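Visitor: Here is what each chain is made of, one letter per residue.
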Amino acid sequence: MTTATLFGLCSSALVGLGLFGVIVDPHPLRKILAFNLLGSGVFLLFGVVARRGAAAGLGGDPVPQALVITGIVVAFAATALAVALVLRLFEPEAGNAVESEATSAGLEVDGGRS
Amino acid sequence: MSSTMDAFTVLAISCGAFFFVAGTIGLLRFPDVPTRLHALTKADNLGLGLVALGLLPQVAGPLAALKLIIVWLFALISGAIVTQLIVRAVR
Amino acid sequence: MTMLADMPAVMLLAAAPAVPLLMIATAIVPRARERLIAYLPFAPVPAIVAAITVPHGTSVVLPQALLGLTLEIDKPGAILLGSAALLWMAGGIHARSSIREQVGRFAAWWLITLAGSLGVFLAADMIGFYFFYTLVSLAAYGLVVHDDTPDARRASSLYVALALLGEALLFMAFVLLAAAAPGGSVLISDAVAALSASPWREPALLLIILGFGLKIALVPLHVWMPLTYVAAPTPAAAVLSGAAVNAGVVGLIRFLPFDTAMPAWGEALAVIGLLSALYGVIVGVTQANPKAVLAYSSISQMGFIAAVLGMGLATGNTAVPLVVAFYAAHHTLAKGGLFLSLGLLDARSPRYVWLVLLPAAVLALGLAGLPLTGGQLAKMAAKGPLGDGAIGTLAHLSAAGSTLLMLFFLLRLNTTVPQNMAKPTINPPAAAWLVVAFAALVMPWILFPTIVGASWRHALTHKELWSASWPVIAGGVMAAVLWPRRAILRNIPQGDLLILAERCGPAARRVAVAFERTDDALRQWSVASMCIVLLVLLTALALAAS
Amino acid sequence: MSVAAVTATTEGYLLVLAIMWPVAGILVALVVNGRNIERVAYIVLPIGFAIATAVVMAVAQGGQSQIYVVGGWAPPLGVALRADGISAAMMMTTAMVICATGLFARGEFVQPAEGPEARAPYVFWILLFSIWSALNALVLGSDLFNLYVALELLTFAAVPLVCLKGQKETIEAALRYMLFALIGSVLYLLGAVMIYGLYGTLDIGLLSGRVRAEPATWIAAALMTVGLLAKTALFPLHLWLPPAHAGAPAPGSAILSALVVKGSFFLIVRIWFDAMPGHLSFAAAQLLAALGAGAILVGSVLALRQQRLKLMIAYSTIAQLGYLFFIFPLATGFAAGIVWSGLAWTGSWMQLFSHAFAKAAMFMAAGLIAEALGHDRIADLGGIGRKLPITMFAFALSGLSLIGVPPSGGFVAKWLLLIATINEGQWWWAAVIVVGGLLAGGYIFMVLGRLLADPLSPLVIRGAVSRSRELVALSLAVCAVLLGLVPLQPSDFLRIGR
Amino acid sequence: MAAAFDIGLIVLLVGIGAWMIVVRDVVVATIIFVVFGLLMAIAWVRLSAVDVALTEAAIGSGITGTLLLGAAARLKGADAGGTRLSFPITVVAAVLCAMISASLAAVALLLTYPAPTLAPMAMQNLDQTGLGNPVAAVLFAYRALDTLLEKVVLLLALVGVWSLAPDRAWRGVPSLDTTVPPSDILAFFAQILPPFGIVFAIYMTWTGASNPGGAFQGGTVLAVMWLLVMMAGVMRAPSISNVWLRWLLVAGPALFLIVGFTGVFIADGFLAYPPAYAKALIVAVEAALAVSIAATLGLLAAGPPERMQQK
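Protein chains in written order, with this note's numbering: chain A, 1 to 114; chain B, 1 to 91; chain C, 1 to 546; chain D, 1 to 498; chain E, 1 to 311.
Treat the hints with caution; some may be incorrect.
[Stated by the list, open to error] Keeping only pairs whose Cα atoms sit at most 16 Å apart, straight-line, the calculated EDC-like set for lysine to aspartate or glutamate is:
id, chain 1, residue 1, chain 2, residue 2
1, E, Lys76, B, Asp32
2, D, Lys387, D, Asp454
3, D, Lys387, C, Glu267
4, E, Lys279, E, Asp184
5, E, Lys76, A, Glu91
The set of hints was computed from the structure by calculation and includes no laboratory data.
If you're wondering where the values come from, they're calculated on a predicted model, not measured in any experiment.
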């Protein structure tokens with residue numbers, strides 16, 4: 001079994017684990033962690049694809065490698081936004097801070113269920 | 001000459017590995033985050049230092065040796081910082 | 001489908017539905033909206049002129065910017081158009097003086113309904129027909145709900161629900177027709193011509209009959225009619241019962257393939273029609289409210305029309321559309337006139353009540369085919385298609401029922417008049433109403449020769465007079481027997497079967513609650529995210545199954 | 001599009017402009033003082049609109065796809081942009097709705113005349129530009145990874161829009177949306193990398209010639225499709241949509257419901273009709289349509305049961321999205337044995353465009369009503385129709401389009417789709433479409449009835465509603481109606497490029 | 001031997017990943033995640049993707065870890081955990097996820113050689129870009145559009161994070177240092193490390209043109225240094241309405257965009273470079289990007305402004 005195949009299996013396992021975590025973890029921060037695990041699994045598959053495409057004196061196909069770099073940055077941006085949302089949601093005084101037109105519209109949205 | 005050096009390398013890296021194992025056990029067994037960090041940093045700093053030391057005779061030139069030492073130093077500093085941050089996080 | 005060079009005729013044709021729509025456009029300006037009601041009587045003027053002057057067969061294809069609609073006038077269309085437009089005009093005159101609240105809104109709904117009501121008689125393509133049909137069906141909602149009483153709200157909710165159901169059925173029917181039409185043509189004539197060979201013939205016919213059956217209130221799809229006519233303001237009830245209902249009649253005329261004999265469908269329709277005719281009478285005599293009696297009379301009359309259409313379809317009689325249009329036109333004027341007379345009675349002092357009641361009596365018995373009225377000719381014309389079989393005989397007998405019902409109407413009217421004396425505030429002019437009543441009496445005599453190809457003198461033979469008289473006499477006898485015993489007739493709630501249907505309410509609610517529960521469950525995070533995973537697996541499997 | 005066809009067309013630079021012009025707007029908006037941000041919008045919106053118009057003209061006149069090879073690096077190494085009929089039409093719809101929303105939002109997101117820069121206006125305009133850029137990138141992209149970046153750009157712009165008001169409920173809704181959308185994009189990415197591993201390219205045009213029917217392809221395609229379904233909020237993956245779309249401020253809801261959910265749908269169509277034509281099995285198409293049917297039924301019934309206007313409209317969006325998915329069984333051409341069936345194709349796009357206009361108008365109308373009344377409880381809307389006749393008219397017109405009453409885009413869409421169901425012999429979907437229209441009629445008239453009714457208690461109007469904002473809503477609703485004037489036949493324009 | 005190492009690494013990765021999912025404490029899970037990230041970096045090296053390894057270590061583990069750790073610490077008091085799922089549902093979820101894993105594993109095993117690759121094509125065209133690192137060539141030449149859009153994504157995420165600020169704190173500063181007063185040791189380290197870090201970041205950005213490294217990695221190192229000094233209290237967090245800060249954020253993407261449009265006039269089109277100046281232009285763009293990335297990532301990790309700046 002080649003390195004690529006081995007890491008391909010690893011990637012499959014990580015994707016499954018990440019998905020499982022996203023589904024079952026009740027804590028939103030844990031969901032974000034699990035999402036990152038899931039993302040790592042997906043990125044690893046990029047690595048596997050790149051490794052398999054080793055040619056022209058390169059250890060791997062540079063295209064998927066470059067894509068992963070972009071992907072990691074995007075995943076970080078997503079994590080940052082999600083974390084900011086979580087923090088804002090669980091702030092002790094959350095919800096009252098922005099008064100402007102929020103309460104005046106009186107719109108109640110369906111309370112989410114986790 | 002080289003056999004002595006090799007023996008030194010083996011010895012140093014083995015010691016380093018021992019510290020890593022010890023640190024890992026501590027990480028797993030200790031009750032709370034600060035004590036776990038305690039185990040981890042000791043193991044990290046010493047273990048890594050010994051591994052770097054052991055590798056010194058094996059590298060090509062003085063520049064590479066310097067790199068190894070710098071790596072260790074940076075690991076020391078960043079380890080200290082990260083430990084501080086983690087402790088702040090859990091406190 | 002040639003576009004005639006005759007521009008005034010074409011313009012008139014287009015103006016019939018366009019003028020009311022343009023009048024609505026002015027409603028954007030609030031001040032104009034409030035004044036709009038004063039101009040309601042003028043909205044149907046182009047239609048009246050068009051119905052009289054435009055040569056039959058004239059057609060116009062509007063530009064694509066106007067949906068590319070095709071308008072065409074033929075004889076049945078012209079008869080229906082003219083009678084409906086006349087009633088709309090009289091109704092408009094009545095509304096101008098009787099509607100006092102929310103006049104802007106009332107006028108807007110009125111004009112939309114009017115445009116649709118007149119447009120359906122002219123539309124020659126399915127899209128245009130559906131467009132006008134939708135206008136007349138859905139906009140009538142605004143007229144029904146106008147008074148905003150609990151009854152009006154209940155009636156309008158039911159009305160709009162069933163109207164939407166009818167729309168949906170017809171939408172599907174038209175799609176089936178269009179799918180079978182050659183070259184994607186949406187012309188009604190093409191689609192109906194292709195229907196007999198269509199693989200979708202049976203479902204299409206079923207949907208057509210159900211859809212239009214809702215509009216003409218065939219039992220058991222009639223439940224909305226009594227509620228609606230009672231709840232609507234009088235002028236609105238007049239135009240709805242007289243003119244708007246003909247949208248369903250014209251639909252059946254246009255969409256049933258009379259050139260092919262379809263005994264099964266035709267006889268089924270005829271039987272249901274007769275059933276409605278009978279049912280309307282039976283339930284109608286139990287009603288205390290004259291408006292409700294009139295509504296049940298409409299159910300009965302429309303049932304009669306359905307029976308004529310059914311027999312035409314069964315035998316492949318292409319003369320039926322014209323006969324039915326003739327009959328329906330008389331019904332339009334008579335029924336509309338009767339509703340308007342209700343509005344007049346409200347305003348008249350007791351001394352002059354007979355001035356209203358007398359013409360009303362003529363109109364009412366005309367519906368039963370009283371000799372020398374227009375109704376006699378209408379019934380005569382219908383005799384041909386009905387034939388001499390069981391159905392024909394039964395249909396003829398139904399005239400006795402109509403007489404009974406109409407006499408009950410007059411008697412109910414007479415007993416309720418004193419209660420309505422308290423509000424002399426409105427004073428609708430009687431002239432317009434008299435014109436309608438007069439037209440109901442006279443128009444059939446003028447048109448009769450062109451319908452059946454025989455002189456009106458034919459109607460004055462002893463045989464015909466007797467044939468028209470005995471049902472009236474029979475009905476009179478029944479009324480004389482029943483009226484004193486009316487107390488034993490239990491007052492069946494308006495909408496009769498509706499009360500049974502409303503029992504199904506809780507069941508419907510349970511279904512809705514089940515949907516809500518499903519949705520609640522699916523919106524759980526864990527369930528939804530598991531659905532993703534499950535769907536990935538399912539999709540992959542489904543892709544493999546190729 | 002074959003390999004040889006990957007050469008730029010003369011008007012191709014417009015495609016880059018369409019994506020980059022709003023990006024330039026974002027960058028400028030970030031550095032200017034917040035006070036000037038609306039002035040930036042006054043420049044960005046009309047010129048962006050002009051660019052979209054120019055693309056439509058170029059596509060229509062050329063009669064073929066407009067292609068731009070970015071940086072001169074042709075696929076598979078580089079990335080190309082491509083505008084075909086549907087992208088051009090999407091761009092136009094996007095431009096119209098965005099510009100209308102911009103006009104509408106002028107009244108809501110203004111910097112205060114005095115004092116320092118305020119949060120909501122600053123953020124709103126940047127998000128608006130971003131959504132525009134992202135949508136243009138989505139409809140023009142022809143590279144699966146480039147599309148992924150565009151998709152993320154869209155999500156990151158949409159999420160803050162949900163919670164712009166800052167209430168706790170909206171933040172919860174935004175978080176839920178964000179997390180669910182993230183799962184979707186990760187699955188899409190997973191599918192995309194598998195495709196690259198299998199075929200060595202991410203370019204949609206090249207893929208169409210290379211894709212083979214094999215298990216790995218099916219898994220990859222399933223991952224991408226379902227990931228995108230999560231972002232489209234197709235039943236049963238709709239958990240995030242009602243609170244998010246109902247909680248956002250009115251202009252935000254308009255954009256989210258009208259455009260954002262359509263972005264990922266567009267991508268699903270790209271995958272099945274451009275990247276892997278002929279690989280969608282009958283069973284899979286039926287599965288997608290079945291989910292659509294579920295969306296129509298559940299969404300409509302739930303809309304009927306809502307007590308709040310915005311939630312009702314949000315559930316209506318779920319239902320209306322369902323119709324779009326009939327494109328898969330009906331336009332693929334299973335019955336005829338050809339790869340393409342024009343009726344359902346045109347019908348589905350008409351549904352998308354008309355729903356975009358109608359739903360934007362409807363959310364705007366709901367926003368104005370909520371602004372005037374201070375609440376949006378359907379039961380207590382009585383009499384508002386009298387105070388805001390234009391708003392009510394806008395609501396009614398857009399509602400009629402949703403029901404499918406002629407003349408309206410919704411009618412054209414349903415007509416074409418229904419004829420397609422008959423032609424394709426899949427009458428079971430016809431029943432769903434008809435029932436859906438009926439239920440839509442139910443929830444629209446439920447609200448219209450309240451709007452027309454007399455108020456239960458004297459109406460208290462909390463704030464004056466600007467006439468110009470009412471007219472914006474009305475003009476969008478009129479757009480939905482005007483779409484009903486197109487001929488009832490397959491559109492040649494929407495076929496350009498295939 | 002190599003395979004054994006790989007297998008060990010994989011077992012460790014999966015085991016740690018599983019541990020992270022099941023462990024109860026959020027903070028512990030976060031720490032495990034950081035460790036996981038570092039192991040991932042090693043995995044990337046094993047897959048001959050050094051550029052990615054650096055990115056993973058810096059972003060995937062480093063700055064993400066910082067962010068999550070801070071969040072976990074702040075959430076300690078809050079009752080953020082919902083109810084755990086019932087056992088049967090958990091089992092169903094596990095089975096479904098296992099099926100996904102199994103199908104992915106099947107794909108991994110089914111993939112055949114020769115694998116399709118763009119490596120030869122990337123190398124052939126490398127000369128035209130003037131770069132020595134093919135990954136950089138993909139990022140800044142072949143697929144520059146992705147990179148540019150991704151910069152916008154970053155900025156947008158930042159706007160999104162900022163949008164969560166309370167209205168009264170708009171124009172304020174992120175509260176990095178509010179939880180615990182900074183310790184002297186931290187402040188000490190935070191003063192010695194950054195100079196090295198900055199030098200390293202510049203080197204990394206510069207060398208990225210021909211060796212592993214580049215704007216992302218360099219920018220991230222810069223961001224981490226900045227975060228460090230802010231968290232240690234050595235330097236105050238800036239107000240988000242600071243004009244200079246906003247220019248800093250925009251500079252990289254703006255230069256990228258301008259260079260892109262310049263390509264329309266001096267080269268083959270948008271985001272094309274004339275071969276003679278390709279390297280110079282790309283390095284200039286990378287330098288500007290590194291600064292902007294540093295600012296963006298740092299501010300993303302710092303979170304929304306929460307209070308006004310103390311004068």
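Visitor: For the pair we were handed, Lys279 (chain E) and Asp184 (chain E), check the Cα-Cα distance against 16 Å.
Guide: Judged against 16 Å, a Cα distance of about 44 Å means the pair is violated.
Visitor: For the pair we were handed, Lys76 (chain E) and Glu91 (chain A), check the Cα-Cα distance against 16 Å.
Guide: 11 Å, holds
Visitor: Given the hint that Lys387 (chain D) pairs with Asp454 (chain D), test it: the Cα-Cα distance must not exceed 16 Å.
Guide: The hint holds at about 11 Å.
Visitor: Regarding the pair Lys387 (chain D) and Glu267 (chain C), is the alpha-carbon distance no greater than 16 Å?
Guide: 53 Å, violated
Visitor: Lys76 (chain E) and Asp32 (chain B) were given as a pair; does the straight-line alpha-carbon distance stay at or below 16 Å?
Guide: 15 Å, holds
Of the numbered hints given earlier, the model fails hints 3 and 4; all others are met.
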